[in-house]
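J.: Could you put together the complete structure from these sequences and hints?
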Amino acid sequence: DVKISGYGRTGLVYYEDDGRLPDGANTTEISSRLRMDIKASTKTDNDLEFGAQFRMQWDQGDAGVESISPGMISVGYGGLIVYVGNVIPAFDGAPLLKQTRLGVFERSWGGDPIGRFFLGADKGYGRDENRVGVALRYTRNNLLIRASYVDPDQSGLNESASGYTEELSFAVNYKWDDFLEVTAATAQNGAGFEDNDLYFAGARYTISDVARVGINFVDNGRQLHSRQGTVGSPGNTVTIYGDYDIGKVTLSGYVANNSGEWERKQTDNSFGIGANYDLGGAVLGASLQRDYDERLYADMGVRFDF
Amino acid sequence: DVKISGYGRTGLVYYEDDGRLPDGANTTEISSRLRMDIKASTKTDNDLEFGAQFRMQWDQGDAGVESISPGMISVGYGGLIVYVGNVIPAFDGAPLLKQTRLGVFERSWGGDPIGRFFLGADKGYGRDENRVGVALRYTRNNLLIRASYVDPDQSGLNESASGYTEELSFAVNYKWDDFLEVTAATAQNGAGFEDNDLYFAGARYTISDVARVGINFVDNGRQLHSRQGTVGSPGNTVTIYGDYDIGKVTLSGYVANNSGEWERKQTDNSFGIGANYDLGGAVLGASLQRDYDERLYADMGVRFDF
Amino acid sequence: DVKISGYGRTGLVYYEDDGRLPDGANTTEISSRLRMDIKASTKTDNDLEFGAQFRMQWDQGDAGVESISPGMISVGYGGLIVYVGNVIPAFDGAPLLKQTRLGVFERSWGGDPIGRFFLGADKGYGRDENRVGVALRYTRNNLLIRASYVDPDQSGLNESASGYTEELSFAVNYKWDDFLEVTAATAQNGAGFEDNDLYFAGARYTISDVARVGINFVDNGRQLHSRQGTVGSPGNTVTIYGDYDIGKVTLSGYVANNSGEWERKQTDNSFGIGANYDLGGAVLGASLQRDYDERLYADMGVRFDF
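Protein chains in written order, with the working numbering: chain A, 2 to 307; chain B, 2 to 307; chain C, 2 to 307.
Worth flagging that the hints you see were computed from the coordinates, not collected in a lab.
These numbers come from a predicted model, not from an experiment.
Please note that a few of the clues may not be correct.
If several chains are the same, the list does not tell them apart, and a pair holds so long as it fits within one copy or across any two.
[Claimed, not checked] Heads up, simulated DSS-like pairs for lysine-lysine below, C-alpha to C-alpha not over 25 Å straight-line: (1) LYS99 - LYS266; (2) LYS4 - LYS40; (3) LYS249 - LYS44; (4) LYS99 - LYS249; (5) LYS99 - LYS40; (6) LYS99 - LYS176; (7) LYS4 - LYS44; (8) LYS4 - LYS249.
T.: Next up, the structure:
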């Protein structure tokens, strides 16, 4: 059986120019994404479930879909699934880690982990064509365990180069009857950088049918993103967030504190607020955020899943 | 819901060598195309219709499908649809504009607009990865209105370069009870070239159940295609065309006059005749044409839609 | 009608290092493949069956699916199908030719043809973007005939270059009541190399419900693969093979003798054994082989079709 699913989103994105943009560059742009996942599956006589997946994703700024994602292959039995290939690493897939995201563009400049760790490849591995991942996912009742191994280059030829260490990551999530959910996760040698170890702990509490609050702690490891330069450290981030439903509208917000240091950093505090309106099959959303470089970010748009 | 549709066509194409082909080059080749559109759609509770689309297209001469098209996202309500991303610009999508095309390869060397304007991208944006389009399509009874805006580079960094002006285009079509149909359209700053303004007016009249005639006028703007060189102008084109059914066969033809000038141009008159045979689910077709460079072109092939 | 089918496979592959690998290179790697074929078809009123196909294939070592295959278009009527575009050439598609392959990775280092001939393009034509193929397939009762023509460059501009001759190939297969099957095939100017003519004859006999044996003879033509260097010849190969079912397990094996010469060749004899376990919707398999360079090869893995 083969099915195609995914989502489309489009809208306007504004990012304040603090002087680093080239002369004349626009700060507001139309931004869209179209993602389609082609998922194949089959079941054997003894109830093994095999699956496979390609992803086609286009983002505004891409000339086209110049690379479909590398393939992912899985086999499951009962609550256990093993993935090989272009897997979602355990840290990247840790529940609650990205819960502070706002709007239909699902960004959280303050609350998202700043450090580096492997992500599932939406488009391609780039220069690391010999990357390989193995992951497992185990669920039993309210417990979820993820573990993953990503070798940036299994050829063995780049073992000593920076960024070519194997990443190991783990995540555990537990839910108590829909009112409390906690996650703990770590990525060791995040994104293949030796001793770049990330840790995450998060909890989310359901106050009532219409209100939830949560707190996330992330130790971002040692490795800055290239957009933050090479000097400094990503530090630790503590984020408090919550959301509140008013009819079809969900208001959300976060306040985050980060202890890291990098060239452009202006403040330890970041925050964001957002509102999503449920159209019943699609979502209208908007967010307003300020990042650690003290730049304002705003977006508004629409997203629909299929 | 996700559906894949498209068409395949294959056949022989002949193009007379008037001396510009390299020594030994073949003038007759096998030519094929395979196009698949992956269309996703969903409807909200309040009857908004969201859609999204990728196109995979291979043409003879491509080593493979090296780029799926950029994504297109749409939202419709009643007779109005708004498109964002890789849209079909209004001029490109103007009804009747391409009605003079013949055969299964759907070419009209004389009647097709010679000037430059933005097309929907079948494969990719090439170097203009920051291109963005917004279009709308409105239908009510027998009236169709299209409008579009295409910015070749929304980053703001190429504003003064040639070919980086925003194109605005419009088209209006009206049908009187299936016997008369008229279209008027314009592209301002066609294909992003400043003051390259194209205009189109066309009418098509149904004489009887089996016969139709039409006339197209195109002001091709100022910009020659690269295959016509850089010196000269595409001029205006007037085309008279018609088609006539004999059972399952449709005979078609056009005569076109163009006032433009370019290096290779030999004549102001171009013409073509064609015949299509309906196989009931596929079409056999052939055409014979002479272009303004006084070269003969001929094709024959088969096309089927799925 | 459009359908997606294909298979996924993953497992471990070992290839003995005989000194040619770079220092530190791994000899055992995770290897996976994900293949999806998108097949479109339609039937006309007079029972012509049109078809078209794209292939998306990712193999371990690819950064992503950077090229979907060139398109293939077909039309069939009764027992005859004609293919245009990215066809499966007749020699490549000759039944029994690849029957000596073992395991889920379907490799036969000893029994597979060593010479060069055109294959269907899973990913792209590479530099030969003007390649074109035409093939036909005829079946009647127990008889199968294939013929194909592949022009590496129909532009006519590379006619005298090495590797740019047209390949013609043929294959005939006949089955006697499921107990005996024979194939004869040839590729003339295999892979476009002039006078690189390959010949194949094979027979397979069903001893009982659970046992089959076969013999293949391949004249590999004149052209070595690049991995075998440029000096020498691929010679002739004779392979004896068989398989035997024990419940859900199928044991297979081959012994092959090759008369060719190339720099790394150490022995004229190659052999392999394999075992596949049928999971009822998926297959577990393993193989152990020794090639003509006297290197050991081993694989084990799982494959499922969808």
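J.: Does each hint hold? Answer for all of them.
T.: Each hint, compared with the structure:
1. LYS99 - LYS266: within (22 Å within a copy, 56 Å between copies)
2. LYS4 - LYS40: both (5 Å within a copy, 13 Å between copies)
3. LYS249 - LYS44: Only across copies: LYS249 and LYS44 sit 17 Å apart there, 39 Å inside one copy, limit 25 Å.
4. LYS99 - LYS249: Cα proximity of LYS99 and LYS249: one copy only (22 Å, versus 46 Å across).
5. LYS99 - LYS40: Within. Shortest intra-copy distance 24 Å satisfies the 25 Å Cα cut-off; inter-copy 29 Å does not.
6. LYS99 - LYS176: within (17 Å within a copy, 53 Å between copies)
7. LYS4 - LYS44: both (15 Å within a copy, 19 Å between copies)
8. LYS4 - LYS249: Close neither inside one copy (30 Å) nor across copies (30 Å); limit 25 Å.
Taken one by one, the earlier hints fail for this structure only at number 8.
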